[in-house]
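Protein chains: 4
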Amino acid sequence: MSNERRVGVWLIGACGSVSTCAIAGVEALRAGLIDRTGMVTDLEDFRSLDLAAPENFVFGGHEARPADLVKEAEEFGRANGVLTPEILAAARPGLERASANLRPGLTLNCGDGLRRVAPVADRDRLPLPEIVESLKRDLAEFRSRHALDDLVVVNLASAEREFAAPREFAYLESFLGLLAADRRELFPASVLYATAALESGCPYVNFTSSPGSSLPAVDELSRRHGAPHVGRDAKTGETLLKTALAPMFAARNLRVLSWEGHNLLGNRDGLVLDSPAHKEAKLRDKDAVLRDLLPGGCVHSRVRIDYVPSLGDWKTAWDFIHFSGFLGARMHLQFTWHGCDSALAAPLVLDLVRFAEFAHRRGERGTMRHLACFFKAPYAVEEHNFHLQTEMLLDYAQEHRTRSRHPAAAEAGRP
Amino acid sequence: MSNERRVGVWLIGACGSVSTCAIAGVEALRAGLIDRTGMVTDLEDFRSLDLAAPENFVFGGHEARPADLVKEAEEFGRANGVLTPEILAAARPGLERASANLRPGLTLNCGDGLRRVAPVADRDRLPLPEIVESLKRDLAEFRSRHALDDLVVVNLASAEREFAAPREFAYLESFLGLLAADRRELFPASVLYATAALESGCPYVNFTSSPGSSLPAVDELSRRHGAPHVGRDAKTGETLLKTALAPMFAARNLRVLSWEGHNLLGNRDGLVLDSPAHKEAKLRDKDAVLRDLLPGGCVHSRVRIDYVPSLGDWKTAWDFIHFSGFLGARMHLQFTWHGCDSALAAPLVLDLVRFAEFAHRRGERGTMRHLACFFKAPYAVEEHNFHLQTEMLLDYAQEHRTRSRHPAAAEAGRP
Amino acid sequence: MSNERRVGVWLIGACGSVSTCAIAGVEALRAGLIDRTGMVTDLEDFRSLDLAAPENFVFGGHEARPADLVKEAEEFGRANGVLTPEILAAARPGLERASANLRPGLTLNCGDGLRRVAPVADRDRLPLPEIVESLKRDLAEFRSRHALDDLVVVNLASAEREFAAPREFAYLESFLGLLAADRRELFPASVLYATAALESGCPYVNFTSSPGSSLPAVDELSRRHGAPHVGRDAKTGETLLKTALAPMFAARNLRVLSWEGHNLLGNRDGLVLDSPAHKEAKLRDKDAVLRDLLPGGCVHSRVRIDYVPSLGDWKTAWDFIHFSGFLGARMHLQFTWHGCDSALAAPLVLDLVRFAEFAHRRGERGTMRHLACFFKAPYAVEEHNFHLQTEMLLDYAQEHRTRSRHPAAAEAGRP
Amino acid sequence: MSNERRVGVWLIGACGSVSTCAIAGVEALRAGLIDRTGMVTDLEDFRSLDLAAPENFVFGGHEARPADLVKEAEEFGRANGVLTPEILAAARPGLERASANLRPGLTLNCGDGLRRVAPVADRDRLPLPEIVESLKRDLAEFRSRHALDDLVVVNLASAEREFAAPREFAYLESFLGLLAADRRELFPASVLYATAALESGCPYVNFTSSPGSSLPAVDELSRRHGAPHVGRDAKTGETLLKTALAPMFAARNLRVLSWEGHNLLGNRDGLVLDSPAHKEAKLRDKDAVLRDLLPGGCVHSRVRIDYVPSLGDWKTAWDFIHFSGFLGARMHLQFTWHGCDSALAAPLVLDLVRFAEFAHRRGERGTMRHLACFFKAPYAVEEHNFHLQTEMLLDYAQEHRTRSRHPAAAEAGRP
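Protein chains in written order, with our numbering: chain A, 218 to 632; chain B, 218 to 632; chain C, 218 to 632; chain D, 218 to 632.
Here chain A stands alone, though its shape is the one from the complex (with noise of 0.2 Å):
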């Protein structure tokens, strides 16, 4: 039964605020103290699904700062509420089993914001094949130490600056090629990640907007060695909502003039985010979801995202909505969502490794594009209207559902 099996999750950025409100949302799920409200595969349709308990998972992961979880989870309680008093007793135990799992992390072409909040690593140092080899080293370690089923890695470090991928990346050969000749100034560390990830067969998660295994010599790693792989950039408050609300200027014909959107908030990440070289990253993934949902585009859109210390993780985001309908009547939709990022995104965290974990089980390789309903922008899928999407996770669902109940068919499905 998967609802027993032990599956660890290996989190990239593991002492942030979405690793630690991931980690003791599991720890309060099992002391009852918490329901699974917030997390997608609790909902009905996913139910007979043959998925992992989360109940079960077991964490670890890399973090480039000197940090601890409790002191992390404590901090983040004390500044957002959330992680009450009751919730952090009883997470105490996890998150102390969880520090003993972490391993130092790398920072290598991260950018000049990542220097806000941590120094550079030592790894850092080390050539690119030792890097890549020592990060297998640790996923293995931890894999063989906890007698895992299965592990999962999760990118959720703060997002790298702006990245061009050289046109070399557009291959696994030539990409291995830099890499054995440590072009170094060429790997960000989220791509060193990825290809440790999927070279030591372990599904790979990118919930940021870093590179990650976004570069198709990755996807092909994911290929060669079995293991799937999806992102890039959970949306969890301002970008979700435009993704369900665009579609609905589009279907009713009215001509959106203007959308502009501005963030506020105050936690690690829009502290790096401060930093404009990583700002132009997250932005791109943002503003683009309208171009695909409008027809004919909107006239005219801008994202910001200011960084207001004393918000915390709450992020507070209005955006307004220009908008012309019949008769050349102009007219106007705002709103503002005031949300908590790291409880937002933290179940997100739990749904993407357990449908990662099934469909690794299950044999699929490459990208899991029936998880795009959980990015901005989403690998290899086109489709950015958050209902379509979701559609394709349920009919993935139905399907699966079908095979479960018919295995020998669902054999015969299998390519």
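Check the hints yourself; a few may be wrong.
It does not matter which identical chain is used: a pair holds within one copy or between any two.
[Unchecked claim] No farther apart than 20 Å at their CA atoms in a straight line, the calculated lysine to any residue pairs in the SDA-like style are these:
| # | residue 1 | residue 2 |
| --- | --- | --- |
| 1 | K288 | V516 |
| 2 | K353 | D436 |
| 3 | K353 | A381 |
| 4 | K353 | A364 |
| 5 | K288 | T301 |
| 6 | K288 | R362 |
| 7 | K288 | N220 |
| 8 | K288 | E358 |
| 9 | K288 | A357 |
| 10 | K353 | E379 |
| 11 | K353 | R340 |
| 12 | K288 | F359 |
| 13 | K288 | V598 |
| 14 | K288 | Y524 |
| 15 | K288 | E303 |
| 16 | K288 | R519 |
| 17 | K288 | E402 |
| 18 | K288 | Y613 |
| 19 | K288 | H363 |
Hints are computed from structural coordinates only; laboratory data are not their basis.
Put chains B, C and D on the given structure of chain A with help from the hints.
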């Protein structure tokens, strides 16, 4: 070529704001002053359907107030903008032509609220069978005078008060029996209009929250006379947003604790709705959608409509959505919608006439379920998710595009 | 030194949210867990006044519900945050001490709404003169037991229903006559509490919209017994904003066409206000301020208060202000206020006690007009402009700072 | 009777939106199409002052673009409403008359942003002393041709780029020395305009954020030539609200943690401000007010201005104010302002001309400090609280009403 068909549009409440904007809008289209922005049927997906051109529509209708379309349009422009002097100048001849096609309306059992805007109609005093006959004569006379290829009836009259249908309205036989027996206390005007339309073989669109053709007996009339119908209560603003946004909360398993909607508007509809029995009927439709869209419903919801004269036709709605996510975090989304109600509704009237005429021409009868995306409380459709309703309409278009290309196959496929 | 005076604070509605926050807040101040943010008397301008220190306040009061301050505080913390575990731990002894000073309340003629939260009080059954005597005994007993230098009574009980004072309440003689005659249908609890307080020589603060000491007869009592009083209905959120913002529209000669205010809240006050007769009284105060602040009044205004349980103490208010300017341009301002009602009110309770004790010590009697800036419907003050009301308070402070420095001159200036 | 005085109004940036609305507005007033709503001087408190009637104003001005007031007005009406066809028809003769009084402007050192809307002016090429002389000739010629009783110069030109005054601008002598030496790199157009106006004995109003008459040397010019002046940067929207609201937080000792302001606008000013150096100057004034109004300043504040073409003149601003209160409770207020910038500014231009002419007539010179309530960064006034600034103006009116009634006493009171 259907593009050249002369389609008559018979508007009940013919001098209201929506009617006025629809007629003036068609004239502005003819004059090239505006484009089809706001018309769903102008989207790429529907362009290849063989729909009648709105520029060839011929307008007439019933109106209970002593009113004139030119004056209405001028007043609308003064109060709300949108109908600019250029549009008014271009629309004047068309508005005058339509004014010549007006016939006195019916106000029987419409409720106290209507008394704020219209006197008791003379026709109310006739026995019920004579009322229906006189309405049918109006339609027949209009049809023949203008040599129309088809005639679609659209109910745009102010919302009637809350109505509880007697048991006998479940069956056509007993319904017609009560009508013949002149049980006048049981029949609101909208039901009599719908009866007259369908018995005349005219497709009928119930754009309002009034009962109209919503009764099983009237649906039977539609089937018997081969004229399709659809309703109820077009969604143009706050409810449209609700049905576009609530599925997002459901798909992410976020728990909506409270959804408060506060609508402000200042037009004639607002004045009628300021009367409690009218408001009740309207609010029911606006609130019900949430029950269906949120898993386990919404813990607490409320809709208010307040009359604010200075806003005129510019509906301004504030919705506050309180929800909880993972770890019990309580978050909120709020939005403000500021839209010209009639400029949002008018193009949908034109869309519905086009779809109704098309369906009639293809021999459809009974409820046009594929038009659910236009309505707050669609007849015979459980689905309230706007995006899935949109898919239903796209599927219909897809199917009929194919059929149009292979007319023989299309014939064969018809029941 | 007044800083060391032992001032008793007798709270009517002693276990409500505001009381709970005030008492817990004083304990948190004592423990150094919080500072005086939110207390007006902590502003530079008032620091040199010789005000009593809140850290030395001794709390007691009347409460109509069977309730306990520790439990109330814990529940408040769970539902609303703010009272964090640290604060609760520090406040526990003080809350227990205050709980020991509770006496059963009175609910006579409080209205149906109160029945939702409290049973009929035993004391209601006594003849009126005995009720007043028993209340006075409670005050005297508290005062002597704790060896208090002074005792200030503050009404924090839930809003009573709308009340029309009989003509006889205009004069102290006839007022006392009706009381002696036990005309119990005429006396709401708040009036009896105020009578008992003032006859006991205790300054009285009417923090609520209930009649309390607002009657001319009761003002006469204040003068006769040398105990100053003040009221009515503290402004802490939406109305505060109204009185801060409306003067701006007036000063710029902008014409407010409509001002719609929509308040959502979910605490016990909200539950009581959900009863129509209670809401009416409350709304009157909230709406009246606009009439005085806008030249020629406001064409159209409305205030709504809706009970939204999930919000608890977090009042969320949306105001929409439609206005016109030069050239007839129609514009709007809207705001959303999201504040913890009791955390906003509690420090004002402490301020008012400090000011009332100070005034009493200086021999003031009758209405404390200089405190108008604290109230929605200040007794005997026409000015509703918050900024000018603030100037009145600053002038008072200025005058008394001077006097303090020259006590002889101060004496000479007193009537 | 001053009501019949012919007052000339010389507008710098004479074909901009504010100028156009001011001139068209005066014509609409003359025609009885609008009333004086939006004009401060129309308030009861100022009616008894002996102010010149705006209906008798004669308009002329400098304009750097090749432009025509009739066309500007028509374009404004098309894009923004407000200038309706009726108003345009009534205003046409007046706009034509004013167009005849236009003279080519100056663009020296205005910054790159201005290049987006205007070419390099011919006059820029003259030596500085000749520029000033030529501007003075324009004023003199206008004055004599129209037999004006007085002439007020108002700077309404687009915001110049950030400007650092050289030390020598602190003294008139050295300022005039640099001007005579043709040190053209040091003098922005606005300073030259102000110099020409004051040397001509014309009162000068700096409605913009440009340096204009803000320099000590220019203030000395004002005193020497007996022409009063005032500035800087009229507050019409978001900053007005800030200076009306921030005092409320201060008066209640609420601690503002963050105040984020996001302004969207789409007119020519917005286009110029889209250039960084121009935006910087503007933002400084908008942000500085908070530092003065909040005790201990504001922990974090930011102002953004973004160019959104579809909005035209309809400035839309969202402000988010995060604050903490008693017990450390963190709360927020947010507002959205949606106003027609030029319709808000135009009546203030008329007010300032009236006040300036009145002051000139009474012999005032130097800064008109009583007009601080009109400006974001008032010359020589520390007070930013809008309500106290308003009191300053009321005090001035009070004083001068009295004097008007007793002319002898008034004379005696003059320096």
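Honestly, which of those hints from before does the structure not fit?
Failing hints, ascending: 1, 3, 6, 7, 8, 9, 10, 12, 13, 14, 16, 17, 18, 19.
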